[in-house]
Structures are given as C-alpha cells and as structure tokens.
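The listed protein sequences derive, respectively, from chains W and C. Following numbering that gives the first Met the number 0, the numbering of the first sequence begins with 0 at its first residue and continues without gaps. Following numbering that gives the first Met the number 0, the numbering of the second sequence begins with 0 at its first residue and continues without gaps.
Keep in mind that the hints were calculated from the coordinates and are not lab data. Just so you know, nobody snuck in bad clues.
The list treats identical chains as one, so a pair stands whether inside a single copy or across any two.
In silico lysine-lysine, DSS-like type, Cα no more than 27 Å apart, as pairs:
#	residue 1	residue 2
1	K77	K101
2	K79	K35
3	K35	K66
4	K35	K77
5	K66	K79
6	K66	K101
7	K101	K79
8	K101	K87
9	K77	K87
10	K66	K76
11	K76	K87
12	K87	K66
13	K76	K35
14	K76	K101
15	K77	K66
There are 2 protein chains.
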Amino acid sequence: MKELEPYYAVIFTTIRTNVGSGYEQMAREMEALASKQPGFLGFETARNELGITVSYWQGLEDIVQWKNNAAHLIAQKKGKEEWYQWYKLRICKVEREYEFHKG
Amino acid sequence: MKELEPYYAVIFTTIRTNVGSGYEQMAREMEALASKQPGFLGFETARNELGITVSYWQGLEDIVQWKNNAAHLIAQKKGKEEWYQWYKLRICKVEREYEFHKG
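So that you can see chain W by itself, here it is in the shape it has in the complex:
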C-alpha cells in the first residue's frame, strides 16, 4: 500500500445466507473492479462464520464513487436479495498505524 495519511478504511462485516449461487464469481469481479477505482489502496478479507472484508481508500470521495459504481450497485442489490443475511458497513478514518515484520 502506498497511502498518504490520513486515509480511510471500509469495514464490511457479513453473515451469509445459504444461497451460494453466483457469489464467489461476483466477489472476485468486485475485488478486481474495486482495485481499478481511483483512490483504491488495498484490500484484506477473511471468512469463517463471519466474513470481514476491509478495503482501504485515499479519500471519502473515492468511497462514494465506488459505492455508486454501476456494476457495484448491481452487486449490492444482489447481495441484499440473495447472499447476505446481515451486514454492517463502517466507514473509518485511519488515524494511527503500526506494522510488525518478524526477523
């Protein structure tokens, strides 16, 4: 990541339905599409019962632009109709950070 501080994190916490059809492909497409958006800095994701996906952005306006991206709007609609039982989305300003590398 090559962020300039301050930058922003979108924490997307999800519980899936048992409808799997089309989900994995859409998730991959949205990851590829997000990474081409202006201001995109990076992406982290993990899922067990709960899924947590954090995307990082240079500015709030970049997040708004991604939210309103046409293909992403279609994915959001499908997400509510089919794939997600529950989700919470938090838009956060990254204020401090620390990194550790072993050895």
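Based on these hints, arrange chain C on the given structure of chain W.
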C-alpha cells in the same frame, strides 16, 4: 453494541507463523479480558491465511489502556516472539455506518 458516535475501531491484520503452541488459549483469554475493559464495545474476527480481528472502543484512551494492560503486554510480547510473522494494526475513527438485516 451500544456505542455512542464517534467510536473507534482497531483493525488487527495478521499472518501467523507455524508456531501454534499456546496461541488459541491466549487468543481466548485476551478476548475475555478485552471484553471487561472500560470502553470495550465489541469484537469481530475471521481467519483464513490472513487473520482480521476488529475490536471496537468508545474512546482512544480506552485503546491506550487496553494496549498497556499487564496481561495484554505479555500476550503482545509472545505474539511477536512466536505467533506472528507479520501484523498491521490500524486505529480508526468510525465516521459513518450502515446495517442491513434480511427480511
């Protein structure tokens, strides 16, 4: 969660070593201990190759107090010595949030 806005998120993204000894027990102990700290609001975690744990706090001073908790300091030291190959910790201010419940 019963947060008052603004509140804070600590995003702890990790890559483990192959040293597993003691990790799961310590993780459970730290989760239990954090939940008793002043200002603790909640906790979300998921792990595949990458682990993402997000804890939520009412104020920055609550995060500092948890960082300096004696048992947590021991866990942090063990984490660097044994369990984590890499980690990044970001302290973030939650500025907006949206929640979706199906049906």
